[in-house]
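Counting from 11, one number per residue, gives the positions in the sequence shown under the numbering used here.
Heads up, some of the hints might be wrong.
The calculated DSBU-like cross-link candidates involving lysine-lysine, where the alpha carbons are at most 30 Å apart (straight line), are [to be verified]:
{"#": "1", "residue 1": "Lys179", "residue 2": "Lys122"}
{"#": "2", "residue 1": "Lys122", "residue 2": "Lys100"}
{"#": "3", "residue 1": "Lys179", "residue 2": "Lys100"}
None of these hints come from the bench; they were simulated from the model.
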Amino acid sequence: MIEAIASGATSGFVLSLMLGTVFFALIQNSIDYGFTTGIYIAAGVVVSDILFISAALFGTSLVPAIEENQNTIRIAGSIVLLVMGIAAWKPKNYSVTNTSSKTGSAFYFLSKGFFLNALNPVNFFAWVSIATYLKGAMQYTLQLQVTYFTACLAAIFITECGISFGASKLRRWMNASSILWINRLAGTVFIVMAVVLLWPLLLK
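Turn these sequences into a full structure, and let the hints steer you where they fit.
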């Protein structure tokens, strides 16, 4: 049990530090709108991961369906990332002291975290691979698998909240120009990830 908790927490911490779209979205939105928005995004990520993990553990019949619709998921994810990337490049009127979030922030940022994570099919197959490894190589029972994934998700949420908190504190040392360029860096990452998602389809 302790081994499963420790392994899950370590895995969650490492996964949170991977420089993907969620990582840059956390930094971008926390600087723009404050720490609370990062909590919402992290919660959205965890909700989508719970669905992925549940499907990996209990819904093996969903795997073929997701594989069959992988191209559609890739296209949808690429469109979302492209829109976010282009929007991040547009100049905005920033107030360095104003960290108020958008109207309906809870739902907006929760959805943002959810879809950023859910629309990347790689995430689902990563959880399937981990579940297969735990059941096969590690010989984990269902209880130990649930324990591992619970610890993993808790670590992901806590780490992403920590990233958000740290990013929100950077705002006091920034001006409107530096915030714009951080947004543009995040936007570039979103656009690159959109191309990465589409690339296998373009090669066909």
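- Hint by hint, which ones does this structure get wrong, listed from lowest number up? none
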